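Turn these sequences into a full structure, and let the hints steer you where they fit.
Number of protein chains: 2
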Amino acid sequence: MRTYLECIPCFFKQGIESAKILGVDRKIQKRIVDEISRVIPSFPLASSPPEMEKIIHDIIKRNLKKDVPYEKLKKKSNRVALSIYGKLKEKVKDSKDSLLTALELSIAGNIIDYGANHTVQPEKEVFRILKEENSMLNKRLFHYTDFKRRVKHSNLILLIGDNAGEIVFDRLLIEEIKTLYPAKRLVYAVREEPVINDVTIEDALFVEIDKTADIVSSGSDIPGTLLSQCDKNFIDLFNSADLIMSKGQGNFETLSHEPAPAFFLLTVKCPVVGSTLGAGIGDVILTTSKRKNRPGQN
Amino acid sequence: MRTYLECIPCFFKQGIESAKILGVDRKIQKRIVDEISRVIPSFPLASSPPEMEKIIHDIIKRNLKKDVPYEKLKKKSNRVALSIYGKLKEKVKDSKDSLLTALELSIAGNIIDYGANHTVQPEKEVFRILKEENSMLNKRLFHYTDFKRRVKHSNLILLIGDNAGEIVFDRLLIEEIKTLYPAKRLVYAVREEPVINDVTIEDALFVEIDKTADIVSSGSDIPGTLLSQCDKNFIDLFNSADLIMSKGQGNFETLSHEPAPAFFLLTVKCPVVGSTLGAGIGDVILTTSKRKNRPGQN
Chain A
58 MRTYLECIPC
68 FFKQGIESAK
78 ILGVDRKIQK
88 RIVDEISRVI
98 PSFPLASSPP
108 EMEKIIHDII
118 KRNLKKDVPY
128 EKLKKKSNRV
138 ALSIYGKLKE
148 KVKDSKDSLL
158 TALELSIAGN
168 IIDYGANHTV
178 QPEKEVFRIL
188 KEENSMLNKR
198 LFHYTDFKRR
208 VKHSNLILLI
218 GDNAGEIVFD
228 RLLIEEIKTL
238 YPAKRLVYAV
248 REEPVINDVT
258 IEDALFVEID
268 KTADIVSSGS
278 DIPGTLLSQC
288 DKNFIDLFNS
298 ADLIMSKGQG
308 NFETLSHEPA
318 PAFFLLTVKC
328 PVVGSTLGAG
338 IGDVILTTSK
348 RKNRPGQN
Chain B
58 MRTYLECIPC
68 FFKQGIESAK
78 ILGVDRKIQK
88 RIVDEISRVI
98 PSFPLASSPP
108 EMEKIIHDII
118 KRNLKKDVPY
128 EKLKKKSNRV
138 ALSIYGKLKE
148 KVKDSKDSLL
158 TALELSIAGN
168 IIDYGANHTV
178 QPEKEVFRIL
188 KEENSMLNKR
198 LFHYTDFKRR
208 VKHSNLILLI
218 GDNAGEIVFD
228 RLLIEEIKTL
238 YPAKRLVYAV
248 REEPVINDVT
258 IEDALFVEID
268 KTADIVSSGS
278 DIPGTLLSQC
288 DKNFIDLFNS
298 ADLIMSKGQG
308 NFETLSHEPA
318 PAFFLLTVKC
328 PVVGSTLGAG
338 IGDVILTTSK
348 RKNRPGQN
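Those sequence lines, one after another, are chains A and B.
Each residue of the first sequence is one higher than the last, beginning at 58 in our numbering.
Each residue of the second sequence is one higher than the last, beginning at 58 in our numbering.
Simulated from the structure, these hints should not be mistaken for lab results.
Everything numeric in this text was worked out from a predicted model, so none of it was measured.
It is possible that some hints are incorrect.
Note: identical chains are not told apart, hence a pair may lie in one copy or across any two.
What the hints assert, rightly or not - Cross-link-like lysine to aspartate or glutamate pairs, in silico, DMTMM-like; alpha carbons within 20 Å at most:
#1 Lys289 x Asp299
#2 Lys70 x Asp91
#3 Lys77 x Asp115
#4 Lys70 x Glu92
#5 Lys77 x Glu92
Structure representation (structure tokens):
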């Protein structure tokens, strides 16, 4: 997905809010805003929003002149989500359609995102999700029957993760698929470097996804997955997977144009992504890529 | 009121939305955004937001290379508001406290503002106001008893207008004061040049405010009233008025620090003004300036 002019005010918002979360004083916040301003005229709108987000967070890091304490935020998100893992697991087990429940929880978990939703409090969000994960489901953009069939008939399933905290909800989904289909190979992809709360190998190990799936880094250091910037190993996996589950807005923004057997699992957090999909803010989405097949495939 | 960093995303939003209202194509919208970006680093935050808004709209005008068709929008707002003038007048007449009703309507009319509220449809807004003008009244920031007393004891009353459309609601307030106190001198101040839908002499004549009040231009060509940029004639009036009624956010942002016997009549349209006042978006406010008295006065 390209960048729309409407994304630009939001880039500044993200810069200011992230700087605030990091406790940066107003003078440095202003310097960050000025540096973002200087980049805007040369940022090509043909690029995806996560590429600009990477630039913004590089500006923030440069101005902080010290390591960015995102690790703390990520650990907090993971711990809070893990603390209700048992309850989530029960909920999945007790449900009529355990795959559907695990899937819904995994998508709803996408709300835990400091990038797009600056004031998120993980504890509150997670408990809200436990209560209402179903209510924002966009029925027109929730292709569960197709998804279920695809899971059944796929051997290699690749899940591309998005955020810390949310990763615990992904673990549930992966575990559920493994319980239903023990023979399938499951791979969980993480980012090489976090921009804010992006999942990395450390998070995947911390929440013990490695017990159920192989873990691989995509090589990406933007809050999305731009194949042209990814590791060869990951690209090979992407190209050979029978089913790709892409989590979150950043992955949608960078992968939705790719010809691949991908499902996008996300909650809509911004009006631009919403209007691209024909959905509202907060909607829980499970939709396929526009171009489902690779060149040469039917 | 100075500019906050949080205003900066909104400056871009305003630029994009105004360009859209004017039917500017995406390429020129991008050029406008780039030019706003180039101005940001040198814009002092000590300046008020309306000063930046003036810069933004100058950029838009320069890129349009033709006269900006704001006149059409303004005329439409005025006509729509005038079409319900009779109903509004009846509402004032039939009410228990006619001054209060006229005042509430005048403040509620401030919602008609293409600047801060980009998608406003005057017809809808005006009819909504007719139904609900009371519901968003911020009781803690609605000093009606003080205001009423001040009206009674003032000889020279200056109302500083804000937007087209809204001016019809101001006319009701002015007429009501004149009906209650025929001996008072009433002056209605307009802007010298419109930025978007700012009231000018043409609007005041079109809605016939001149039948009840003297009309004067403040000399301002920003969407607010910065005394340092105003005409001497207006400054004299400002300094000698017994009561100043300042309409809207732009006038609040540029006049709230002035030592003057001013009441600010506005609906809150942005979170920054809201947090300055301790009010929420949409709140209907009637509050005094922090510094009520001029130097030397008690």
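Hints, one by one, checked against the model:
1. For the identical chains of this complex, Lys289 and Asp299 are intra-copy neighbours only, at 18 Å inside a copy versus 76 Å across copies, given an alpha-carbon limit of 20 Å.
2. Taking the shortest Cα distances, Lys70 and Asp91 sit within 20 Å of each other both inside one copy (13 Å) and across copies (17 Å).
3. In this assembly of identical chains, Lys77 and Asp115 lie within 20 Å of each other by CA distance solely inside one copy; the values are 15 Å within and 32 Å between copies.
4. Proximity of Lys70 to Glu92 under the C-alpha cut-off of 20 Å is found in both arrangements, the shortest distances being 14 Å within a copy and 19 Å between copies.
5. Taking the shortest alpha-carbon separations for Lys77 and Glu92, only the intra-copy value of 16 Å comes in at or below 20 Å, while the best inter-copy value is 26 Å.
Violation of the numbered hints given earlier is absent; every hint is satisfied by the structure.
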